[in-house]
Amino acid sequence: MGSEESLISEEAKAAIGKETKRYLGEVSLQDLQRYAVTVGETNPLYFDEEYARKTPYKGIIAPPNMLSAIICWGAGPVEEELNPDGTEKREERFPLKVKRVMGGGQDLEFIRPVRPGDRLTVTTKLKDIYQREGRTGPLVFTVTENLFTNQRDEPVLRCTQTVILR
Amino acid sequence: MPAKQVFFEDVNEGTELPSLVKKPTAIQLFRYSAVTWNAHRIHYDKDWAQSEGYPHVLVQAHLHGAFLTQLVTDWIEPEGILKKLGWSNRRYAVPGDTLTSKGKVVKKYVRNGEHVVELEIWEENQNGEVCVPGTATVVLPSR
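Protein sequence lines, in the order shown, are assigned to chains A and B.
According to our numbering, the first sequence holds residues 331 to 496 in order.
According to our numbering, the second sequence holds residues 318 to 460 in order.
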């Protein structure tokens with residue numbers, strides 16, 4: 331296989347710049363505290379309302395990187411709709427000739443705190459898709475911008491995410 | 318205000334953050350997958366991970382990011398505010414690894430009345446190899 335072969339379909343290239351908006355769901359106190367416990371957070375900002383009220387955040391908030399760490403909101407797909415490796419068949423949105431997916435990193439801008447009971451919507455825009463030669467073969471990088479807004483239409487988090495596919 | 322609060326005046330270029338040591342376990346990875354509704358087998362199915370050439374299940378990219386987030390928020394609490402945080406996943410990690418998150422101040426300035434501090438942050442493994450480099454911007458209280 332020639333290393334110059336493009337793994338990026340024309341359909342995928344055509345998806346660059348397109349915006350989609352979808353409702354995600356509500357963040358509960360239980361969700362955010364389970365997230366904090368799992369990470370190993372000990373900051374009372376996530377657990378102690380009285381403490382949190384005295385901070386500049388004025389109440390319990392979700393750990394800052396929680397929203398953009400959630401892979402799937404709501405009920406999610408039934409098992410038959412997942413790939414054999416358990417990932418969602420998301421690439422159908424912009425078909426790529428790749429098999430494996432991994433997180434490449436995120437740039438997060440925290441605009442407003444997210445509180446228990448907030449109902450979130452995300453506006454997603456594919457910013458770029460490009461191919462690079464990796465140590466073990468070609469890699470495809472997708473760069474996506476996700477703007478999360480709350481039930482008052484206020485932006486809370488801007489996340490620019492890189493995903494690596496191979 | 319608790320004595321531990323770090324103020325804008327306390328830091329300079331090169332000031333180091335207290336390190337945050339994490340030893341991720343298979344239980345932690347399972348619970349992180351569960352709480353983020355992430356069904357990717359590479360994080361909980363060792364046979365699957367080995368079939369892809371890895372020695373064990375992999376620490377989630379976002380969990381590396383969560384460790385760096387905690388490094389910064391532990392340092393600035395209770396009065397500091399996290400404005401920005403970014404990271405790149407460069408090297409994988411598995412249960413049994415010791416991941417140490419570190420950081421240092423690269424710049425401080427006052428803008429629009431806010432006392433802004435920019436940080437270089439990174440997470441390295443027990444061999445001193447950087448798994449995840451990153452940056453963060455915080456606002457600290459001023460005396």
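Quick caveat, the hints were computed from the structure, so don't treat them as lab data.
Treat the numbers as computed from the prediction; the structure is a model and nothing was measured.
C-beta: ideal position from N, C-alpha, C; glycine also.
Each hint should be verified, as a subset may be incorrect.
Claimed, not checked - One side of the interface only, derived from the structure: several residues of chain B facing chain A at Cβ under 7 Å: (1) 357; (2) 367; (3) 371; (4) 372; (5) 378; (6) 402; (7) 405; (8) 414; (9) 430.
To be verified - Footprint (simulated), chain A over chain B, 3 or more residues, beta carbon under 8 Å: (10) 381 to 390; (11) 432 to 445.
To be verified - Facing chain A, a subset of chain B residues (Cβ under 8 Å, in silico): (12) 324; (13) 325; (14) 327; (15) 355; (16) 358; (17) 364; (18) 400; (19) 406.
Point to revise | Cut-off 7 Å, beta-carbon criterion: hint that residue 405 of chain B touches chain A | key: Hint on residue 405 of chain B: holds, closest Cβ of chain A at ~4 Å, below 7 Å.
Review point. Measuring from the C-beta of residue 325 of chain B to each C-beta in chain A, is the shortest one below 8 Å?
Key: It is violated, given that the least Cβ distance between residue 325 of chain B and chain A is near 14 Å, above 8 Å.
Point to revise | Restraint check, 7 Å cut-off on beta carbons, for residue 402 of chain B near chain A | key: Holds - the Cβ of residue 402 of chain B comes within 7 Å of chain A, reaching about 5 Å at its closest.
Review point. Taking the least C-beta to C-beta distance, is residue 378 of chain B closer than 7 Å to chain A?
Key: holds (3 Å)
Practice item. Mind checking the CB of residue 367 of chain B against every CB in chain A and telling me if the closest is under 7 Å? Key: violated (13 Å)
Practice item. Hold the hint about residue 327 of chain B up to the distance rule: shortest CB distance to chain A must be less than 8 Å. Key: Given a least distance of 18 Å, the restraint on residue 327 of chain B is violated.
Exercise for review: Please verify that hint: residue 358 of chain B, Cβ, nearest Cβ of chain A, below 8 Å or not.
Suggested key: holds (4 Å)
Practice item. With chain A as the partner, please determine if residue 324 of chain B meets the hint condition of a C-beta pair closer than 8 Å. Key: Violated, about 14 Å.
Point to revise | When the least beta-carbon distance from residue 364 of chain B to chain A is tested against 8 Å, hint result | key: violated (12 Å)
Point to revise | Status of the residue 414 of chain B interface restraint (C-beta, 7 Å, chain A) | key: violated (15 Å)
Check your understanding: Going by Cβ atoms only, is residue 430 of chain B closer than 7 Å to chain A?
Key -> Since the shortest Cβ distance to chain A is 14 Å, the answer is violated.
Check your understanding: Per the coverage rule (Cβ-Cβ under 8 Å, at least three residues), is the region 432 to 445 of chain B covered by chain A?
Key -> violated (count 0)
Hint check: violations occur at hints 2, 3, 4, 8, 9, 11, 12, 13, 14, 17; the rest are consistent with the structure.
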